[in-house]
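Taken in order, these protein sequences are the chains called C and A. Those letters in the first sequence? Residues 1 to 245, per my numbering, in order. Those letters in the second sequence? Residues 1 to 245, per my numbering, in order.
The hints are simulated quantities; they were obtained by calculation from the structure and are not laboratory data. Worth double-checking, as some hints may not be accurate.
Computed cross-link-like contacts, DSS-like style, restricted to lysine-lysine with a CA-CA straight-line distance of at most 30 Å [said to hold, decoys possible]:
1. C/Lys124 x C/Lys147
2. C/Lys179 x C/Lys124
3. C/Lys124 x C/Lys171
4. C/Lys124 x A/Lys153
5. A/Lys153 x C/Lys147
6. C/Lys171 x C/Lys147
In case you want the letters, here they are:
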Amino acid sequence: MSRAGDAARLEVAIASKDYVPANGRAQRVLDDLRLTLTRGEAGAVVGPSGCGKTTLLRIIAGLDHDFSGSVALPDHGRLGMVFQEPRLLPWRSVEDNLRIVAPLASADEIDALLGALGLAEHAKHFPGELSLGLARRVALARALAVKPDLLLLDEPLVSLDATLAAGLREKIAALIDEKRVTTLIVTHDLREAIALADRIFLLSPRPAHVAATLDIATPRARMTGEAAAALEQRARALIDAARAR
Amino acid sequence: MTRLWSFAALLLTWQGFAWFAEPRRLPGPALVFETMLEEARSGALFSNMAITLARVAAAFLLAMSLGSAIGYAMGRNKLADRVLDPWLVALLNLPALVVIVLAYVWAGLNEAAAIGAAALNKLPNAVVVAREGARALDRNLDEMAQVFGLSAKARFRHVLLPQLAPYLAAATRSGLSLVWKIVLVVELLGRSNGVGFEIGLAFQLFDVRLLLAYAIPFVALMLGVETFLVQPLERHVSRWRRGAA
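Sequences are here, hints too, so could you generate the full structure?
Below you can see the structure in the form of structure tokens.
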């Protein structure tokens, strides 16, 4: 394994990753999984539940070193990550949660971020006083506060109701366009990927590799209903083909 | 208010028994208070209390800082836990008196031996509590701190300490009362000043008035420390829990 910053883009080349259960034989989770993202691009990794998406994200985030292959992070490798559970510090206020991970950010920058995510009135609240939807937004604000070279989102819309999910999806899309930060989203929801990404990586079932890559010519705000429907149809066909193989 | 009534009932019971007992065995509250005033006027009460309080503080801080560090290491590191556990069990079951006598025999009748012996009696308890705290640390927050590259100082202050705070508060409460009781024994056996020494003197003269005149103010002092120092501190560090939904 190796993991380094300084590349111009995100390059993931995982030869293999095995998971060894407490008592049992090793299972291969990832097998020859390769993907790249150029600077400023948003990629979405889509695959069925349990196919190893989160494992992939943990390897890229440097939380799992037990794999063979290499990961090169863009620029200085500064990471911002939104975990599935928000993982905020419950004993610090919302604004302190941002300040602690981003000690160099100015008060104005923090305020602007909180404002952009509709959190201005919650700045002094503790995370325990927030709903899951709000806590997710705080986690997103925190990930952006560090001015990341790579933004990692693990199922950012999961377990939110439809309205909340749609609202947050629009916010994420707007922020990706505004900040031009290299972003990797992991999701089980194809429509979510189509709404957010420049490029979609479809994963095969376990052991996962990238079965197909879809480039989106008109991402996010420029996406039309017809284009989204056409993409979805294409992607479903590719997924079925990968499964049949 | 209920506390005041309860306290008044205690005083009344004391007075009631004092009416039937001979004053040498059990002097009434008024007599004891008089002796207290005498000792206070001569300055002996305050100087002895100050000396004892200083010993309590030194022994307590020594035991808590060392105990927390060892307990944390044992909670985080399996090898350290396995190596140190028998020592811990031995120390937990070693009678306080044995530790004190051995300390005086080996290190001489000096201040270091006195404080060290008192600290050593509290140490295993602090270790046990800190170990429980370290075992309960949230791995998710550790990973968050790692991904965001938090400095060691920020991790200690914002991630580690708030999680250990309830455990340290519990160790503080049980610790203060334990340490001051042991310091009295230490003073009785090998010091020529302090509340414990005065109580030893009172015992040799069978002077129950003097004994109570020293014991009661010190109990009141420790009650004050608990009420005005430990409890407000505990409320401050757990204020984030109050608003929890």
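Original post:
Are the Cα atoms of A/Lys153 and C/Lys147 separated by 30 Å or less?
Top reply: holds (21 Å)
Original post:
Taking 30 Å as the top limit, are the C-alpha atoms of C/Lys124 and A/Lys153 close enough?
Top reply: holds (23 Å)
**OP:** For the pair we were handed, C/Lys124 and C/Lys171, check the Cα-Cα distance against 30 Å.
**Re:** holds (22 Å)
Original post:
Can the restraint linking C/Lys171 and C/Lys147 be considered satisfied, given a maximum Cα separation of 30 Å?
Top reply: holds (17 Å)
Original post:
Is the hinted pair C/Lys179 and C/Lys124 satisfied, with a Cα-Cα distance of at most 30 Å?
Top reply: Given that 30 Å is the threshold and the Cα spacing comes to 25 Å, the pair holds.
Original post:
CA of C/Lys124 to CA of C/Lys147, is that 30 Å or under?
Top reply: holds (22 Å)
Every hint from the earlier list agrees with this structure, and none is contradicted.
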